[in-house]
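Protein chains: 2
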Amino acid sequence: MTFPEVNLRAFTQNIFLAMGCSDAHAKLAADVLIRSDMRGIDSHGVARLSGYVRLWEKKRINATPNIRIVHETPTTATVDGDAGLGLVVAPFAMQIAIEKAEKYGSGWVAVRNSNHFGISGYHALMAVERNMIGYAMTNASPLVAPTFSNERMLGTNPMCYAFPAGKYPPVVVDMATSAAANGKLEIAQRAGKPVPEGWIQDTHGDFTTDPHALKKGGSLLPLGSDREHGSHKGFGLSATVDILSAVLSGANYGPWVPPFVSFLEPPADPVGLGIGHFLGAMRVDGFRPVDEFKANMDIWIQRFKDANRIDPDQPVIIPGEPELEAEADRAINGIPLVDAVVTDLDELAKRFGIAQLS
Amino acid sequence: MTFPEVNLRAFTQNIFLAMGCSDAHAKLAADVLIRSDMRGIDSHGVARLSGYVRLWEKKRINATPNIRIVHETPTTATVDGDAGLGLVVAPFAMQIAIEKAEKYGSGWVAVRNSNHFGISGYHALMAVERNMIGYAMTNASPLVAPTFSNERMLGTNPMCYAFPAGKYPPVVVDMATSAAANGKLEIAQRAGKPVPEGWIQDTHGDFTTDPHALKKGGSLLPLGSDREHGSHKGFGLSATVDILSAVLSGANYGPWVPPFVSFLEPPADPVGLGIGHFLGAMRVDGFRPVDEFKANMDIWIQRFKDANRIDPDQPVIIPGEPELEAEADRAINGIPLVDAVVTDLDELAKRFGIAQLS
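Residue numbers (my numbering), protein chains in the order written: chain A, 92 to 449; chain B, 92 to 449.
Bear in mind the hints are in silico, worked out from the structure with no lab data behind them. None of these values were measured; they are calculated from a predicted model. Using N, Cα and C, we set each Cβ at its ideal position, and we do this for glycine too. Do not rely on the hints blindly, as some may be mistaken.
Stated by the list, open to error - Short derived list, chain B residues pointing at chain A, Cβ under 8 Å:
| no. | residue |
| --- | --- |
| 1 | PRO165 |
| 2 | GLU242 |
| 3 | TYR259 |
| 4 | MET266 |
| 5 | GLY345 |
| 6 | ARG374 |
| 7 | MET388 |
| 8 | ILE390 |
| 9 | GLN393 |
| 10 | ASN399 |
| 11 | ASP402 |
| 12 | PRO403 |
| 13 | ALA431 |
| 14 | VAL432 |
As the list claims (entries may be wrong) - Restraint-style ranges between C-beta atoms, simulated for each label pair:
| no. | chain 1 | residue 1 | chain 2 | residue 2 | range |
| --- | --- | --- | --- | --- | --- |
| 15 | B | GLY283 | A | GLU356 | 51 to 57 Å |
| 16 | B | SER113 | A | ASP360 | 52 to 58 Å |
| 17 | B | ASP397 | A | LYS307 | 53 to 59 Å |
| 18 | B | ASP297 | A | ASP293 | 26 to 32 Å |
| 19 | B | PRO358 | A | LYS118 | 45 to 51 Å |
Let the hints inform the model, and build the full structure from the sequences given.
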């Protein structure tokens, strides 16, 4: 089924209001989720709404957080999210980074005591609107094993860099540091199809194509898949995200990161508070005039679009293009949701006594 | 043959002096190269010395550069390297980043009009000594094709993050954003051995195991190797390095980056000056007290070292450990050089009329 953006947005906002979020927080949290659906990243949009609700029911998400700065220099800060929705904590932190960048050229904010923050791209793009380079990352529930291990030690730990351009849309590099994001796995699970070798390993550390291997004790592999193809680099990137997001902020890191799913309890021996994010903004005109930078970004983009093609019908894809195409399509045709998600949202509506979507 | 560090250092310094570098520059440039050999990254040490000399002979490297800041805010700057050795330009820029971080919490410097800067880790570690997080990247001669293309558009564009720890040595994530670094290819070429599928593609865009495929018009593949295993992520990371290092600084980017080898001429239609770097430093105590951070880094490192092993004899490798092991070994046993490099260095000695190594 397909839903107009405006309906899905109103519905999502109402759920957050019913949880007790303030008007401003409900509006912002809904905006982050809907933006994800609009950009075609279905795994991080309203499909996750019931997950947030269940964590709130377990008192692991605080609907009325007192988000505050706990440590600060002119261009750095640590924010405590007070166990709030990452969907509101991260934009709060990014706003601080942007204000510091306005004044001093750059701003960097580490966040502790937060929860899942949706898509990294949303936060990084806040900076781009101000002619800044945006930077966003977060750690997440442990599903990925480091090279040479079969133990789940890291999340899919995404990192995002976003750059403004001129006549072209921004370049947005928004990527899980694992070989495959969890969303791709879920698609294969629903379709009952094998996944490519190199995405998952079983409990013995052997490649498996079983999309359900994670439930059987398997683990996701870092970007690079195996040592020979650079999985130690994917591990290194994921470690970087974990350290900047959590060791630097005072959040939980590595296998101590609390799981997103409510049926798994957080570790009994936490090393920090909640999960962690790291956000940053740098003013383009801290380095060169904005018009010069944008003109060169356009040359860069054009040149990469013109790169010689292996298949004449498949051009090089500029990072961020697929999301923009989805956004343009869904603005006209609405947001498609799979049946399981619609059922899930209908149950939420019943639980809170608000109007159903379908 | 194996050489004591001190001999190789004196020799290298003499070559730079013979090129006309100042005492301070010759000492610094030699330090960057020797540190690479000490850390076991043989491809970036004295093996490259004759390459720098040949670029200087072609007047593409300026031995007496006027390195200067051309644009600045309290926490950002753009440096023009005046076509100097990247080996001295990058430490100059990193020093500025560190001074800005001392004052304001963080510092970020984009560099244009530079040349090859050696190993990223050297520059990033300058910050670690000051209880800062260090960040270093550079673009490089185009050898890597973006996903869906068979055209060489990007360098192996390394990125490096370095984090101080407590009782453990620093965590240093220093990685080419291609599936395999050029140095690994050179080893296979010398040994006449095939390389794994997923490192290189031929002119048609098909995987090849021929280590000489680059000379036949092939290209290196981004980290991830193919679309299914996330090569678009490797491409995105490489693009990030290219944009931060060069579009932001005013250096050449993408296929316009001048080649390191002197027998290839730089493109006739440059889009900027020289090659570009991007360096940064963030004070740890801009986020939390240094002792707290270091204590948590130690827990992080210990926990990852203790991660369950697939092979009982192969523990998880913490990023930066192999380089430290090489450093400890070579401090005692000296630096091993292959015959071709020794011959190369002997020829340099003759050319400049200084004492030979062997």
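message: Quick check on the hint: PRO165(B) CB to chain A CB, less than 8 Å?
response: holds (5 Å)
- request: Identify whether the interface hint at VAL432(B) stands, where standing means a beta carbon of chain A within less than 8 Å of its own.
  value: Constraint on VAL432(B) not satisfied, violated at 26 Å.
message: A closest beta-carbon separation below 8 Å is what the hint needs, so does ARG374(B) meet it against chain A?
response: With a closest approach of 7 Å, the ARG374(B) hint holds.
field: C-beta pair ASP397(B), LYS307(A): status relative to the range 53 to 59 Å that was hinted
entry: violated (23 Å)
message: Would the hint on ASN399(B) be counted as holding, given a Cβ-Cβ threshold of 8 Å to chain A?
response: holds (4 Å)
field: GLU242(B) as chain A interface residue, shortest Cβ-Cβ below 8 Å
entry: holds (4 Å)
task: Report holds or violated for the interface hint on ALA431(B), using the least CB-CB distance to chain A and a cut-off of 8 Å.
output: violated (26 Å)
- request: Could you check the hint for me, namely that ASP297(B) and ASP293(A) are 26 to 32 Å apart, CB to CB?
  value: holds (30 Å)
query: Taking the closest Cβ pair, is TYR259(B) under 8 Å from chain A?
result: violated (12 Å)
field: Assessment of proposed distance window 51 to 57 Å (beta carbons of GLY283(B), GLU356(A))
entry: Holds, at about 56 Å.
task: Given the hint of 45 to 51 Å, check if PRO358(B) and LYS118(A) actually sit that far apart at their C-beta atoms.
output: With Cβ atoms ~50 Å apart, the hint holds.
message: The hint names PRO403(B) as touching chain A; please verify it with the least Cβ-Cβ distance against 8 Å.
response: PRO403(B) check fails; min Cβ-Cβ to chain A is 11 Å, beyond 8 Å.
Going down the numbered hints, you'll see the structure goes against 3, 9, 12, 13, 14 and 17, while the others check out.
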